[in-house]
Amino acid sequence: MSYRKTFQLICGFAGGSAAVVFAAAAADSRGYFGEHRGEGASRRFAVLHAAQPARTPVNHTPAATGPGWDFNWDKRDPSVLSNGRKRESVTEDPSSEQDNSKPKATRHILLIRHSQYNLSGNGDTERVLTPLGREQAELTGQRLAALGLNYDVLIHSSMTRATETAHIISKYIPGVDLVSCDLLREGAPVEPVPPVTHWKPDAVYHEDGARIEAAFRRYIHRADPKQKEDSYEIIVCHANVIRYFVCRALQFPPEGWLRMGLNNGSITWLTIRPSGRVALRTLGDVGFMPPDKLTRT
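Residues 1 to 297 (my numbering) make up the sequence shown, in order.
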């Protein structure tokens, strides 16, 4: 049997193992690839060697990086809340008290970025939605209605573009209360890392950051123990606020907020379990919009 056929056979049985490299080296050294050993043959050997997967121990498990998950991230863990509290009577069972303080429902929070608006407006009152922005809000409202969820409340930033977006959306989910909130106004939550030179906010980070963090603590947390059913809440606000909320809720470094991009009218869906676990179901979903309606202004 020729070396070429032997090499092909080894390739078939070895399936990319070290035997392939060994056979290639042996055949190459004898010139059985149709060339004398030289630069071209050596290059082939190097390519074959580089193609071999790194050998990993069978029981190797990658080590976790970063701090572990903090189940008391929202300061509402029942075991912590019950510590140090005075019981109503000496006969009260401590374990029963803790069970009664445990959340039982899941909160679903749908964060909507406002639609496209007039960037050249002089001040907030003139920065109204563009015609395309109004179309985007209609599409977002239709999408939220199509999901068939029983929404509990529609909260929105008090800025004009968010307020207009919320009012258009509300047409598609009648009966849901609208609530305006100044804490949800746009701002710069924390200085981004890595730093950027093309965008420098006028707002002072420590001022906006405190307000946006206050909004996070007000709206992003596990359900109250008195809540019996799962809830679906809509919050219409701004890209910086949403990105910061996502980083904080997932316990990612908050200074990474600017590494994400969100289209106008997009839907970001956070789920908060009674245990304190948080899941990001969608980030900036705009799959319900035609491509010619997509913007990120």
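No wet-lab data here; the hints were simulated from the structure. Do not rely on the hints blindly, as some may be mistaken.
Mimicking PhoX-like on lysine-lysine, the simulated pairs with C-alpha atoms at most 25 angstroms apart in a straight line are [as the list claims (entries may be wrong)]:
no., residue 1, residue 2
1, 171, 293
2, 102, 75
3, 200, 228
4, 228, 75
5, 104, 293
6, 226, 104
7, 226, 75
8, 102, 228
9, 102, 293
For each hint, the structure was consulted:
no., hint, result
1, 171 / 293, "20 angstroms, holds"
2, 102 / 75, "13 angstroms, holds"
3, 200 / 228, "45 angstroms, violated"
4, 228 / 75, "20 angstroms, holds"
5, 104 / 293, "40 angstroms, violated"
6, 226 / 104, "8 angstroms, holds"
7, 226 / 75, "17 angstroms, holds"
8, 102 / 228, "11 angstroms, holds"
9, 102 / 293, "44 angstroms, violated"
Checked against the numbered hints listed earlier, the structure breaks hints 3, 5, 9; every other hint is satisfied.
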